[in-house]
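> So you can see what is in the structure, the chains are spelled out below.
4 protein chains.
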Amino acid sequence: MTRQHLKVAVIGGGSSYTPELIDGILRYHDEFPVRELVLADIEAGAEKLAIVAELARRMIARSGKEIALRTTLDRREAIAGADFVTTQLRVGMLEARSLDEKIPLSHGLIGQETTGAGGFAKALRTVPVILDICRDMEELAPDAFLVNFTNPAGLVTEAVLKHSRIKTVGLCNLPIDTKMQIAALYGVEPERVFIEMAGINHLHWTTRVLLDGEDVTASFLKTLASGKGLTVKNVPDLEWDAAFIASLGALPCSYHRYYYMKNEMLAELASDFERTGRTRADEVKSVEAELFDIYRRPEVTEKPKQLEKRGGAYYSEAAVRLMKSIYADKGDIQVVNVRNGGIVSCLPDDASIEVNCVIKADGAHPLQLAAPLSPQIRGLLQLVKSYEELTIEAAVHGDRRAALQALTVHPLVGDAALAKTVLADILEANAAYLPQFATLVP
Amino acid sequence: MTRQHLKVAVIGGGSSYTPELIDGILRYHDEFPVRELVLADIEAGAEKLAIVAELARRMIARSGKEIALRTTLDRREAIAGADFVTTQLRVGMLEARSLDEKIPLSHGLIGQETTGAGGFAKALRTVPVILDICRDMEELAPDAFLVNFTNPAGLVTEAVLKHSRIKTVGLCNLPIDTKMQIAALYGVEPERVFIEMAGINHLHWTTRVLLDGEDVTASFLKTLASGKGLTVKNVPDLEWDAAFIASLGALPCSYHRYYYMKNEMLAELASDFERTGRTRADEVKSVEAELFDIYRRPEVTEKPKQLEKRGGAYYSEAAVRLMKSIYADKGDIQVVNVRNGGIVSCLPDDASIEVNCVIKADGAHPLQLAAPLSPQIRGLLQLVKSYEELTIEAAVHGDRRAALQALTVHPLVGDAALAKTVLADILEANAAYLPQFATLVP
Amino acid sequence: MTRQHLKVAVIGGGSSYTPELIDGILRYHDEFPVRELVLADIEAGAEKLAIVAELARRMIARSGKEIALRTTLDRREAIAGADFVTTQLRVGMLEARSLDEKIPLSHGLIGQETTGAGGFAKALRTVPVILDICRDMEELAPDAFLVNFTNPAGLVTEAVLKHSRIKTVGLCNLPIDTKMQIAALYGVEPERVFIEMAGINHLHWTTRVLLDGEDVTASFLKTLASGKGLTVKNVPDLEWDAAFIASLGALPCSYHRYYYMKNEMLAELASDFERTGRTRADEVKSVEAELFDIYRRPEVTEKPKQLEKRGGAYYSEAAVRLMKSIYADKGDIQVVNVRNGGIVSCLPDDASIEVNCVIKADGAHPLQLAAPLSPQIRGLLQLVKSYEELTIEAAVHGDRRAALQALTVHPLVGDAALAKTVLADILEANAAYLPQFATLVP
Amino acid sequence: MTRQHLKVAVIGGGSSYTPELIDGILRYHDEFPVRELVLADIEAGAEKLAIVAELARRMIARSGKEIALRTTLDRREAIAGADFVTTQLRVGMLEARSLDEKIPLSHGLIGQETTGAGGFAKALRTVPVILDICRDMEELAPDAFLVNFTNPAGLVTEAVLKHSRIKTVGLCNLPIDTKMQIAALYGVEPERVFIEMAGINHLHWTTRVLLDGEDVTASFLKTLASGKGLTVKNVPDLEWDAAFIASLGALPCSYHRYYYMKNEMLAELASDFERTGRTRADEVKSVEAELFDIYRRPEVTEKPKQLEKRGGAYYSEAAVRLMKSIYADKGDIQVVNVRNGGIVSCLPDDASIEVNCVIKADGAHPLQLAAPLSPQIRGLLQLVKSYEELTIEAAVHGDRRAALQALTVHPLVGDAALAKTVLADILEANAAYLPQFATLVP
Ligand SMILES: [Mn+2]
Ligand SMILES: [Mn+2]
Ligand SMILES: [Mn+2]
Ligand SMILES: [Mn+2]
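Going line by line, the protein sequences match chains A, B, C and D.
Position 237 (the first sequence) corresponds to 237 in the UniProt record's numbering; numbering is contiguous.
Position 406 (the second sequence) corresponds to 406 in the UniProt record's numbering; numbering is contiguous.
Position 404 (the third sequence) corresponds to 404 in the UniProt record's numbering; numbering is contiguous.
Position 153 (the fourth sequence) corresponds to 153 in the UniProt record's numbering; numbering is contiguous.
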């Protein structure tokens, strides 16, 4: 770790989330003394980058911390010599996300940003870009950590683990959000709660809840987990059925609603879309426009309250906590995405998983699970992981066969003919962002 | 093996399939010299049992073989001292099957005898009865083999492997049927074809085809497997898409249509039912009535041609080939259902699998697969196996939680709310056959 | 965790090590506020127990801490309601250890307290007593932790994991000692050193050394590990060969000398014994006599310096650090003995292993290893573990077959005829302590 | 399989074993119609090659079979277009073997051709030559099978599996010899006996014996296996101890005497050598001289009786049975050396193992074991396999570190200092045959 001059590069620095990250960096600056912060973005994002950077500079100035902030449209310049590279990019921007939501809906399928056919399209666009970043890092910052927030974060992490030598940890704010909500339900400080999460990004189960070291999982599931108890901003918060939760024996994550409540979720998405002609991406566009209007105002020198609507609760918390624990060799426990290596024994060794890890200077060390996963959990997890494996193959090699199989087996598609049609639409609509598939297109 | 006096007990001896079995026993009598054959059935099947037995006696007489044929309504009497016990029973008879097909359809789901919600209901009814038979065997014929044809045959085999000490092999005619069809497509004797099948009953993939020892899998998949090539009587024979087969890299089995062609299959089943008000069970009832009319005729002394319509091609072939290879310690290769023990490395050790086995006097010895299963195959297989595991738990212990989870995760249901509703219907409609669930019913 | 009234029971409380433990409890009393401390021992140890207890009382009085100290000859009384039960008993006392060292030597074998034929004899005597303690705990303190220091600590821990429901962690001072020595070699605080140990008790390898988060393993092995660098009191400290350490790619533990330097170690033990007629046990007897003379003196109110000779450096440190981390749900990393569950992938899931664990209120959570173990390490580890597995079978069931195989395969015996002779001697000499073998003795 | 013109290449064709192989080929010519047989050898073996070839021609002429026999000193010519390549070469000839036996003895260790330090030296010499042959095959006969008899046959097979794409099966006559002896003990035809062997070459255990399909293992071990019952020519036939066999629960192979009877075997080897100044290699030299005298006689037109002394009982039987089963896609069961792939679950997937396999045209398909191996067997097997793994690394890469570790962990060495000394001697004495170690030698 370069202790003298700690440098962080943010790829996709023009994101509306950046003020959140700046806020976190400032809050934890004593423990994580960033000296140089480079926000990189692409040409198309130059204007947003400039706006965000100006706000960031005002936030830094207000804090009195000594951080040199720079912007660049040259990614390699940002990466060179960095200690940490974080990615919060969105290939194709919100326009592409909008299509990820609408194309599946047009075939009677759930259209969602990170899972199902929508998440699949996003993965095809994103994985090659992340691997390009890794190649830059291998050349220009070979010892740096890639802290990846870009969705689908688990799948992207697995792609990096399989196709690059760069050290990486995949991150999502859902685990810390869940822990915070559980602590709030019990009315205690988060430190008094220990939870065991097992699974993969956006498909993990909370299998154990300990309060002051005592296992309260059974009572927790009985009294608290049903109903609206736990939720996140990005996912419609339909209520869980108590009998279902009891039979599952674990707390599902918010995204599980797309699986366990598939029919209801589809109905809701479809009727919303029919009614408004808009999807979540379109709403986000409005939120973002509104946010950037605020960011522009010179009097704004703090992260604006309105950012919370965006759905990134604890986003900076998660990112900065991870980086500072690596920096300080802290040894605390965080739920992140890492190489499996036998921890989730029903998944391949080289899969990425999302579990409790001890964060040390050399990275994240996953902890043994208290027990092997139940059959309830195991089968669905394995199926979605096989989808991820196939999708990585498709994304890296432009492999249409893997792509067709990935969509076919995904529980939110689950039909070969349908998969074929949806795949054709996705490849066509995203052609500009999928050069790896170009050679075979007639 | 009792060499002096070979005794076979047939539980569910009144089945319309029995003449098929008798035919096989007579054909192979030189190598498998059955001396005593006991057909057992329940009171409700007494009349059919008598008809079948009379036909069987005429068939035996015609053959000139020395086989003592007896009937009984006391299962234990049939089992005592047997060398082989075969089961071809149907708990709840065709009436129950009819409901297995109709209840799911009424919820917009595929209703099928051995898979999905229908197969689930059949499993709940069947597993306890088979385990009762095993307990009788443990007492009265502890060294006998249970040759199980009763569907869902793979799930039932796993239940026996987990909950009894009886030696068992599960059987389906699909593997031999597939091999015969492949040989016919190449226009060669079946001996010249060697196929590797991997998976579980009614969900296996043919991953390798060898002709005269040469691996022809790629060309086989390219030229022959698409289209209607391979099919079985019990499953609507929709054509496979060539691009899909190519991307799968293996030949799916007939029942895979319910998964890979879920939408089209459901549409067909639903429209047939809407049009006719009948399901496959209702057709089978007609076929059976017709068959029994023929069986009754004294002039009939052979297996009638009409039996072929029933869908049991190679049924007796499969059953008698297995028993005679055990009897003769033959060492030939047959595809049967056995304990996994690491052969399909992505499934639990104690799962049942359907793969190539060497048949010796001590049972079936599975062979190593040429390569681990591809992700295309792995995920779906694992999910359905976790469904089977949960269903066995539900069937053996009357565990409603396991039942709800089993239906929820099954790819042909895949929604918790729907699973809950369907489960309620199934438990109510089958209450007479599900004593294990009785104690908790209000 | 009973927060109001923290009770610790020490089985074998009359041990000369007890003042060490008292010292630790007093030093950490703020974080681990023991209220009740019960020292239990057997009738034969009553006198030593009284002496030790008096010293302990003086130490407590001097510290001003409020701890009620009691002694008892009724183990069950000590256990009832305890939060922690620690074991530091020695079945057969030093007399038995003396035989454990001499019997193997008389057959030309290494005679050592915890490994080889000597450790085997100790295991046969100890395992049943520890399991009796567990049965008492299951009845009288079912939620308490068993903190086991009794050697062979790894084997004993595995026996408890396999044959009891009691939560247990096995402990040795070697890991912390090694870490302290490495820190001292680098001249840094121990917190700046992170080491990965992998293996089993008294047969672990230090596979990674990180200094301030940087991997310095290669240079560490090159410059520091050869020579006398690391050592412990209990094991003759022959120097490691630099080429050997380089080829091993890891730092062996002190007890590895019995394996890798088998011939030299045997020669030294044999010549010492021939020269002096005494073994280590006999020396320890002298040390103990001297220690108890000191303990008796009323003016002694602290742990005497002479205790260090006894070989238990960091003994209390290890024990109290473990208990206080459990008590405080601390989440720090300690190397302890726990159930494998896939962490050391080349050993059975139900084996005990000695690795880095996060210590939480519910026990020790092992961390993933950075990489699978090398073949250099793997084979020897697996062989010794199979010895442990067989020895547990022998110890629990009085199984002479398992006992003969255990000794035969142990690398320090390695010959069936020799194993048979040594086993006969061991069973005869220890007959008073091996009731489990009594029934079969003619 | 080239059905028109079946060609077999024999590398090391000048071996005294060749008439045995010719005999087998002639005996089975109807089923395995060899048309072209090429005996290849090196310059130094030209004379022996000529003598053997002349005898072979006389044998062929006498049989009236149509086989074109050729000799060559150009290995590549022999390999080009072959269907089977068999290897019976001996790098360094008997002179090197003599040293393999004497060098270890000079350090107080067992000196044996295929195991321990002697087998290690042989492996270092042999593996690179076999891999050169594989490279020739990849170029000149890419679809041919390598049937490897060259010792250490299991280790060599693993080297080929890991470092070449050539199809290979490793062979030893011990398994068939064992089966024949068991059949003889029962006085039955070999077909009535089915045995399960598990382990690796020259270290397999017979874990099950079935007679007419009935498991007679327990009684077999009790009544027949102790004493001299089973033995082979190459290994001094010390008697097994009945109690030891009972506790092992399996029949060890002949070479196990070097492990389980290490001390007695060493004593015998050492005293023989002291008495006679000769080892087994020296005896074999005499036997060979005698054999070649016989081979030279024009009136000899059959395999001479004296060949039996050489120790290759069933050698040709094993080799020709394997090749003809591959040729004929036979599907019978033979015990051969193949890739593990999970069959012996306690060994790495890419290890070679020696187990029952079904022999088909595409090679050998291992069968599932009836049960996982017991701890008695597991530990020793794993240790020796880790030795093999290290030895392959040493042999392929000239890796002195791996070499030192290989010898250190081997149970017949088991001491690092000793391993270092013996290794130095081996590398010096074999320098002419170990070019892979040359670059680092000063
Ligand atoms: Mn997320
Ligand atoms: Mn079937
Ligand atoms: Mn210790
Ligand atoms: Mn051999």
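One should not assume that every hint holds.
Derived DEER-like restraints, expressed as beta-carbon distance ranges [to be verified]:
1. 185(D) / 76(B): 38 to 46 Å
2. 350(D) / 305(A): 56 to 64 Å
3. 185(B) / 143(D): 21 to 29 Å
4. 296(B) / 185(D): 41 to 49 Å
5. 222(B) / 305(D): 51 to 59 Å
6. 185(B) / 435(A): 34 to 42 Å
7. 188(C) / 305(A): 42 to 50 Å
8. 76(B) / 76(C): 30 to 38 Å
9. 218(A) / 215(D): 43 to 51 Å
No wet-lab data here; the hints were simulated from the structure.
Glycine included, C-beta positions come from ideal geometry on N, C-alpha and C.
> Now tell me if each hint is right for this structure.
Cross-check of the supplied hints:
1. 185(D) / 76(B): 38 to 46 Å: Taking Cβ atoms as reference, residue 185(D) and residue 76(B) lie about 41 Å apart, which means the hint holds.
2. 350(D) / 305(A): 56 to 64 Å: holds, 58 Å
3. 185(B) / 143(D): 21 to 29 Å: holds, 25 Å
4. 296(B) / 185(D): 41 to 49 Å: violated, 58 Å
5. 222(B) / 305(D): 51 to 59 Å: At roughly 57 Å between Cβ atoms, residue 305(D) and residue 222(B) fall inside 51 to 59 Å, so the hint holds.
6. 185(B) / 435(A): 34 to 42 Å: holds, 41 Å
7. 188(C) / 305(A): 42 to 50 Å: holds, 46 Å
8. 76(B) / 76(C): 30 to 38 Å: violated, 51 Å
9. 218(A) / 215(D): 43 to 51 Å: holds, 46 Å
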